[in-house]
Amino acid sequence: LAKTTQPISMDSYEGQEVNITCSHNNIATNDYITWYQQFPSQGPRFIIQGYKTKVTNEVASLFIPADRKSSTLSLPRVSLSDTAVYYCLVGGTGTASKLTFGTGTRLQVTL
Amino acid sequence: KAGVTQTPRYLIKTRGQQVTLSCSPISGHRSVSWYQQTPGQGLQFLFEYFSETQRNKGNFPGRFSGRQFSNSRSEMNVSTLELGDSALYLCASSPGDRSRLTEAFFGQGTRLTVV
Numbered sequence: 001l002a003k004t005t006q007p008i009s010m011d012s013y014e015g016q017e018v019n020i021t022c023s024h025n026n027i028a029t030n031d032y033i034t035w036y037q038q039f040p041s042q043g044p045r046f047i048i049q050g051y052k053t054k055v056t057n058e059v060a061s062l063f064i065p066a067d068r069k070s071s072t073l074s075l076p077r078v079s080l081s082d083t084a085v086y087y088c089l090v091g092g093t094g095t096a097s098k099l100t101f102g103t104g105t106r107l108q109v110t111l
Numbered sequence: 112k113a114g115v116t117q118t119p120r121y122l123i124k125t126r127g128q129q130v131t132l133s134c135s136p137i138s139g140h141r142s143v144s145w146y147q148q149t150p151g152q153g154l155q156f157l158f159e160y161f162s163e164t165q166r167n168k169g170n171f172p173g174r175f176s177g178r179q180f181s182n183s184r185s186e187m188n189v190s191t192l193e194l195g196d197s198a199l200y201l202c203a204s205s206p207g208d209r210s211r212l213t214e215a216f217f218g219q220g221t222r223l224t225v226v
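As you go down the protein sequences, you meet chains A and B in turn. Residues 1 to 111, numbered by the working numbering, are exactly what the first sequence covers, in order. Residues 112 to 226, numbered by the working numbering, are exactly what the second sequence covers, in order.
Just chain B, same shape as in the assembly:
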């Protein structure tokens, strides 16, 4: 069973630009969540998409957005990049069934550097 795939693995962008990150979840999983990890703030929840709809949202500005396609693949977009957006962006896949507890499967992440 293929794991969670995130592309690209590394990215360098300039302040003010925008960036799109991609995540392909495990086959059959309908929930995709995004996290930002920085040395200062640790792992923080950005948002979750389930069946093409945003189901949960963390405390991040509107510059951070996402979407999910009918095949459950998800993209995350950050507009008007700031130096502080430099981080490891992680995608997590899970079945999404709220009636039971389950584990989340993480991708290897995309390392974004803003210069």
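So here's chain A without its partners, still in its complex pose:
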């Protein structure tokens, strides 16, 4: 599985848009990019998944440039409850059962 690099931590104020970038220079042709969110003492929760260009759902957007060597998770108008660790994962089909987590990005949202 491709190695990922994310910032260790980020701070934001409530109501702002937060963009977390992940680098994955060795991404393979059949790899997808998936983001998970984890609150303390809970299991990770799937946020969004994409292959190229832009994907949007009810909680986030995922931007993937043409070379796919990086991706950006965008959280619109964050609230205090978005304070969590965000993990970027890269992998191909069949990898939902064997996930490789990096260090993640600890997002702290304050008033």
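Only true hints are included.
Listed next, the stretches of chain A that the computed footprint assigns to chain B, with coverage defined by at least 3 CB atoms under 8 angstroms from CB atoms of chain B:
#1 31-44
#2 98-108
Under the rule of at most 35 angstroms between Cα atoms (straight-line distance), these lysine-lysine pairs were calculated in the DSBU-like manner:
#3 A:Lys69 x B:Lys168
#4 A:Lys3 x A:Lys54
#5 B:Lys168 x A:Lys3
#6 A:Lys54 x A:Lys69
The hints are simulated quantities; they were obtained by calculation from the structure and are not laboratory data. Using N, Cα and C, we set each Cβ at its ideal position, and we do this for glycine too.
Chain B: place on chain A using the hints.
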């Protein structure tokens, strides 16, 4: 649709003892994976069971084992507990179909403390 259920939520054991953790996956999911999370090592993959067979295995010693029943429920066992086994143990459920990409659904975990 019920989520992934892990029991117990908290557990305190003494060094040298053994422990069994349980995971009930989402109905219809055939794959159950186990992960260990510690502050120092982060989230690490232990093993995966699919249709009662171990399909993938992480880099953990043989003291860590598991099994899956015909109803897809899974148990994880750790024998001869060490202080370093103190961690949050997470179970993840997924359909298990390797032909397509899908998301994993995690339980809330079992917090194991070894004293």
